[in-house]
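Asker: Next come the chains, spelled out residue by residue.
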Amino acid sequence: MEKIYSHPKSLRNLSTHYCPGCGHGIAHRLIAEVVDELGIREKVIAIAPVGCAVIAYDYWDFDCSEAAHGRALAVATAIKRVRQDNIVFTYQGDGDLAAIGTNETIHAANRGENVCVFFINNAVYGMTGGQMAPTTLLNQKTSTTIKGRDAGLHGYPLKISEMLALLPGVKYIERTSLHSPPEIIKTKKAINKAFLNQIEGVGFSLVEILSPCPTYWGMAPKASLDWIRDTMSKEFPLGRIK
Amino acid sequence: MTERIIIAGSGGQGIMLWGKILAQAAMIEGKFVTWLPAYGAEVRGGTAHCMIVISDEEIGSPYIDKTDTLIIMNQPSLARFKSRLKDNGLLIINSSIVEAGAKAKAKRYPFTDIAVELGNVRVANMVALGSYLAKRKTVSLKNILGVMKMMAPAGRDDILKINQKALDTGVKLRNG
Amino acid sequence: MKKVLISGNEAIAEGAIQAGCTFYAGYPITPQNELIAYMSSHLQDKGGVFIQAESEIAAINMVYGASAAGVRAMTSSSSPGISLKQEGISYIAGAELPAVIVNIMRAGPGLGNIWPAQSDYFQATRGGGNGDYHCIVLAPASVQESFDFMRVAFDLADKYRNPAMILGDGMLGQMMEPVKISNTRNKISKIKKSWALTGCKGRKPNIIKSFYMREGDLERFNLTLQKKYNQIQEKEQRFEGLFLDDAEVILVAYGSMARIAKSAVKFLRSKGKKSGLIRPITLWPFPKDIFKRLAISHKPLAFLVIEMSYGQMVEDVRLVLEGKARVEFLGRSGGGIPTEDEIIKKVMRL
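Top to bottom, those sequences are chains A, B and C.
Numbering follows my numbering, in which position 128 of the first sequence is assigned residue number 128; successive positions increment by one, without gaps.
To get my numbering, take the position in the second sequence, counting from 1, and add 1000.
To get my numbering, take the position in the third sequence, counting from 1, and add 2000.
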C-alpha cells in the first residue's frame, strides 16, 4: 500500500509542552512539512524566539539558534549574510517581533534581507502569563489590562504587517490563520511561498499567522478558534497584504 | 631628544595635514612619533589643533601639557594655547590674521598673505611648516618633500608644486 | 617590514581583517568612528560582510548570529554603546560563542563626553551583563598593540569559545603612530567549529542556545563555564613588567595610562628613585601571579595604581595583595588624565 501521509522528518517525534488547543504545534508542523517537501532540511537554519516557542529547537530536527528577546531578525540577518546558501527563517511571537524587537524587525525588512519570518500572532504574551501584547485587541482582557485594552491608556492593536508592507525591501506579506482546516492549508501554502521566495532570492517574506491561545484568552479550544474567525480576523484581516 | 609640537588654527587651514606630514617624515627617519588630533564636535568649532610628539625614545603621553613648539594660525588659538608653551619654547604666529599681544620672543610671519601671493590661500600651512623646519630641523626637508609627493593626489602636479613652493618660501623667511 | 602611520582605530580594524575577521556590525559613536568607516570599505573589499546596524543592540546580536554561523565576527563601540551591547555579550557568553568586542572608552556616566577615560573597567572585567560570566579583556597601550592584539583576541575567543574584549580609550583610538602591518591572512589558525550552524547535512542538528530549564542543567552548565574560566585564569595572564627586581614603588597602570606611567618611572629612575611598573595586558584574567610573587619575594614600599577613573582596577590590586602591601591610588576621569608630573609628585610623597 502506498504511504501518503506520515510524520515529517523535520519534526522530532515528541509531545510538545504547549497547552491544549495552542496553535504553536500546528505552526511547527506546517513549517516542518514544507521544509521536507522542498528538500531543504539540511540547509535550514532556524532562529527560535523568546516566548512559549523558545524550545522550538527541541521539536524541529534541523540547525537552530536561540536569539535574545526581539533580536531574531538581527541574528538571522547575520547568518544569512555569511551563509547565503543556507535557508534562514525566524519564528517569532507578537511581543518578540512587534514590541521589544520592532527596531530589528523594521530594519531587517527595510534592508530587504533574504530571509523568511513566521510571525505567530496570538494577541497576548503567553510565556509570561497572559499580559497585553502589541496586538491585543481593544477591550480584550489580559493580566495587565484587566478591564480590557483601552485605546486611551494602551494604544491600539499594532498592525505591523501592514506597516512593513510600506517598505520597498519587503517582497511578500500574507496574513493567515489556524482556526480551520482550509485556513491551515492556506497557511502552509504561504509558508511554502515564503521559502520559495528565499530560494529564488526574491527577498524579505513574512507570514503572519493568527494562532489560538485558549489558556490566556480564557476560552475553550473550540471557542478560541471561533474567536479568531469572528473577532480577531476582523481586526487583522486575512489574505495577501503585499 | 623629544620635541613636542602643538599646531592650532581653524578648520580648513590644513592643521591636521600639517601634523600628519611632519609625523610621516619622522616615521621615515626611524623616530618614535605620535600624532593626536582634537576630535569630535570641536573639529567644526572655533579651533582645530593637533599634537605631535617626535622622539628618539619611546613616547609616553601623546597628549601635550607643556609644549616645546606652538604654532598659531588663527586668533582664538592664541588665547587657548599660549599658556601651554614652555618658558623657552618656540612660538610661531601667523601674523596675517593674529594680532600682536603674544610674547615678544614670538616669531611672526604673514603665512596667509604669503600663500595668497603664491596663488592659493590653502598653502599657508606649508609656508608655516617651512618656517618651523628652518628653526627646529626636527626632520629633513628631503623627507618632508618625499611625504608631500606620496600624499599628493595623483595627476595633480600643480597641487604638489605650489605646496613645495610654499614650503621653500617658508624655509627662507627671515624674522618679520 | 614597512611601517605605516595610522590611528589606533584603523589599526584595530586592519588587525581584525588580518586576523581573519569576515563579519563586522556596528553603529557610529565617537571616538571610534574611524574603525567603522575603515571596516565599511576594507572589509567588504576583502569579501567580508559589513553591516551598519540600526542600534548597538542589533549590532551585537548580528555578531552573535555570524559567530553562530562559524565565522570570525566582531563589533566595536564606545562606552554608552557598550552598555547597550551587554545583553548580547551575555548571550554570547551563555551560548559559548567566540566573538570580539572593541570598547574605545569615553568618559561617563551617561552620555558623559567624548574624551578618553578608563571608567568601564568594572563593566569589562566583571561581565557587564546578567549572569556569571567573563569576557577575556585585552588592553593595548600603543597603536602597534592595537593591531597585534586583534589576532590574540580572535585566537583566544576561538580557543575558549568565549567573547574577548579589546579595551582601549579615545586617546589610543584617535592617535596615530607608526605600525608594522604584517600580512598574515594566510596564516590564520583554523580552529574547527563543529558546533557551528551550517545546515545539518551529514550530521545531527546543531543548536546554539543559553536556555536550560530542566532542573540541574543550568547549574551543570555554569560549572563547566567556571571550569573554563579557571583554566583561562591559570593560562592566559599577561602583563609587561619594568624594573620590578629592585623597585620600592611599583606603579600599576594599563592602556594609555601605562604609557604616561612608564615615562614617570623612567624619570624617577633617572633621579635615583627605585620605581617600577606593572602594566596588566589582560585585565581579565587579571595578572594576579606577578603581584603575589612580588608581595612575597621582596616587599616593595608601595603599589601606586593609576587610572583614568576614580578607582576600579585598584580594587583588583587590593584583592590580589590581600593586605600584604600598601596600595595607593591616583585617578582622574571625565576627560582629565593624570599627568606625568602628578604621578611623579605622588610617588615622591609616598
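The hints are simulated quantities; they were obtained by calculation from the structure and are not laboratory data.
Hints are supplied without guarantee of correctness; some may be wrong.
What the hints assert, rightly or not - Computed list of lysine to aspartate or glutamate pairs in EDC-like fashion (alpha-carbon distance at most 16 Å, straight line):
1) B:K1086 x C:E2240
2) C:K2002 x B:D1065
3) C:K2180 x B:E1117
4) B:K1066 x C:D2148
5) C:K2204 x A:E42
6) C:K2266 x B:E1058
7) C:K2201 x A:D150
8) C:K2266 x B:E1029
9) C:K2187 x C:D2148
10) C:K2235 x B:E1029
11) C:K2201 x A:E42
12) C:K2201 x A:D36
13) B:K1066 x C:E2219
14) C:K2209 x A:E42
Please read all numbers here as calculations on a predicted model, not as lab measurements.
Asker: Each hint should be assessed against the structure and marked as holding or not.
Answerer: Right, here's what the structure says about each hint:
1. With a C-alpha separation of about 32 Å, the suggested pair K1086 (chain B) and E2240 (chain C) falls outside the 16 Å cut-off, and the hint is violated.
2. Of the pairs offered as hints, the one joining K2002 (chain C) and D1065 (chain B) is violated, with about 32 Å between alpha carbons and a cut-off of 16 Å exceeded.
3. Taking the CA atoms of K2180 (chain C) and E1117 (chain B), the gap is about 41 Å. The hint is violated against a cut of 16 Å.
4. For a cut-off of 16 Å, the pair hint linking K1066 (chain B) to D2148 (chain C) is broken: about 31 Å separates their Cα positions.
5. A distance of roughly 10 Å separates the Cα atoms of K2204 (chain C) and E42 (chain A); the hinted pair therefore holds under the 16 Å criterion.
6. Taking the CA atoms of K2266 (chain C) and E1058 (chain B), the gap is near 11 Å; set against the 16 Å cutoff, the hint holds.
7. A C-alpha spacing of about 50 Å is found between K2201 (chain C) and D150 (chain A), which places the hinted pair above 16 Å, so the restraint is violated.
8. At most 16 Å may separate the alpha-carbon atoms for a hinted pair to count; K2266 (chain C) and E1029 (chain B) exceed this at roughly 24 Å.
9. Of the supplied pair hints, the one linking K2187 (chain C) and D2148 (chain C) holds, its CA atoms being roughly 14 Å apart against a limit of 16 Å.
10. Distance restraint check for K2235 (chain C) and E1029 (chain B): the Cα-Cα separation of roughly 40 Å exceeds the 16 Å cut-off, and the hinted pair is therefore not satisfied.
11. A threshold of 16 Å between alpha carbons decides the hint, and for K2201 (chain C) with E42 (chain A) the separation of about 5 Å falls inside it, so the pair holds.
12. The hinted pair formed by K2201 (chain C) and D36 (chain A) meets the criterion: a straight-line CA distance of about 14 Å does not exceed 16 Å.
13. Under the criterion of a C-alpha separation no larger than 16 Å, the hint pairing K1066 (chain B) with E2219 (chain C) is inconsistent with the structure, at around 57 Å.
14. The straight-line distance between the Cα atoms of K2209 (chain C) and E42 (chain A) is roughly 19 Å, outside the 16 Å bound, and the hint therefore fails.
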